[in-house]
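Enquirer: Listed below, chain by chain, are the residues.
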Amino acid sequence: MSGPPQKKPSWLDERFGAGTIEEFLRHKIIPIHRHSIWYYFGGMTLFLFIIQVLTGILLLLYYRPTPNDAFESVQYVMTQVRFGWLIRSVHSWSANLMIFTAFVHMFSVYFLKAYRKPRELTWVTGMLLLFIVMGFGFSGYLLPWNTLAFFATKVGTEMAGSIPIIGKWFLIFLRGGEEVTGATLTRFFGFHVAVLPGLATVLLAFHLLFVQQLGMSLPPGVEKAIAEGREPKRTMPFVPNFFLRDMIGWYAALGVLGALAAIFPWELGAKADPFAAAPAGIRPEWYFLFMFQTLKYLPPKVLFMDGELLGILLFSAAAMVWVAVPFLDRHVGFGRTTRFFTGAGVFVIGYMLVFTWLALR
Amino acid sequence: MSPPEIPEKAGQPGRRWVNILLGGGLAASVVSFLYPAIRYIIPPAVAESTSRSVVAAKADELKRNTGKIFKFGSKPALLVRTADGTFRAFTAVCTHLNCTVQYRDDLHQIWCACHNGLYDLEGRNVSGPPPRPLEVYEAHVQGEDVVVTRSA
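Just so you know, the protein sequences line up as chains U and A, in that order.
Numbers in our numbering are just positions in the first sequence, counted from 1, shifted up by 24.
Numbers in our numbering are just positions in the second sequence, counted from 1, shifted up by 18.
Hints were generated in silico from the structure; no laboratory data involved.
Be aware that a few hints might be false.
[Claimed, not checked] Taking lysine to aspartate or glutamate and the EDC-like style, the derived pairs with C-alpha atoms no more than 16 Å apart in a straight line are:
#, chain 1, residue 1, chain 2, residue 2
1, A, K93, U, D37
2, A, K93, U, E47
3, A, K89, U, E203
4, A, K89, A, E156
5, A, K86, U, D297
6, A, K93, U, D297
7, A, K86, A, D123
8, A, K89, U, D297
[Claimed, not checked] Quick look at which bits of chain A chain U covers, simulated, 3 or more residues with Cβ under 8 Å:
#, segment
9, 57-63
10, 82-94
11, 118-124
12, 129-143
Cβ coordinates follow ideal geometry from the N, Cα and C atoms, glycine included.
Excised from the complex, chain U in its bound form:
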């Protein structure tokens, strides 16, 4: 016999072609440099999303989406069902942490200019996913049918309703009628457990496909340093090296979630009463606070426009510009960064932090 003995192809290789799956896994490598830590936040967001899917399915076993039953069914989960408090608190905490890690992921991609060519569509799908995640938060907030959620939903949908031309139609679409009622609860339930998960799954598939296809982005500074020979090009395979590190993070996140749920179980509040005054100290979820606070400061009329409409139009315009950043930042390229866009990012983070702080004060 001549040559080394041939390895018998695996069951999968026989069917999909030798090495296809191995090749797929080996394709992804992670660059090692001083900003590598930011590569963990996308995976962490994905992990928390999976936690949301699993705990969400568990909550579905008991939850009833009608105004007469919703509050009571969540109360039942919290007080009667064994470990119900744990499942619901983990769902709420994980939701909030997921929004946090999604924002960290988004801003790290922004500042490291990972949106530049050829990753424009990865950025766009990521931004759409961020909006969907906020939609999950907004729709899920109403489901326990408590007072805070009831008024937050009133205000939030009213804001959507003040958009010119389509506003009225959009408000009725969201509320399932003119007012926030049981019809709204049924709709939000449908959005939260069917529409948004469907959209999120499709977008997530594209997002991950793009990441797999294009590989990880190098920040311009690191790229330049490597090109000029000031820094060695170092990488590690995604499987298993980086993936194992990811899993350590996820394992720790599970511990944190369990601890948060046990030490600070999520409040349920008082059942919503459509014929009671809005309680003092009412405010939306923390990730909407900077917008909420801005609306508080805007005067009733700015020139010819209602102040609130101006605020909503400005925030919508800002969001659209943010989605389009890869197409606006024409100057960024190999080893080059753009001061203007970095400055704009610092301004946006600063604005969000200051206004959130003002709202919490």
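Following the hints, complete the assembly by docking chain A onto the known chain U.
Expert: Then chain A, alone, in the frame of chain U:
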């Protein structure tokens, strides 16, 4: 054997008509599928309550300088008994973003907790973000009841 000659290519009149008919037919069928779905999404309008007046409270129920939310049709409304003992009624729906307002006995004003809007006891928006005054209803005592009426 040479392949059969194709009489028309894309861009030639016969092919264009086929494309228009096929595309038009397809577009028309898509519209006919989407139209019912879009109409389905928008719920049928609920008949507005036509009753123009309602018993908001018993006359002796409210102390001076207090307020009470009551149901007027499908919407909340606010009955205030002022410090001098007169009754006033307003819609309780804030003109800013639709929250339900309340009477503040410390300020003698109507307050919206959502964005800190204030109205005076004529319903006028006096501070904060509300862009318009509250709709004012008529409140009068009929026997033991306080009856609130909206004009037209």
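Enquirer: Checking against the hints above, which ones are violated?
Expert: 1 and 2
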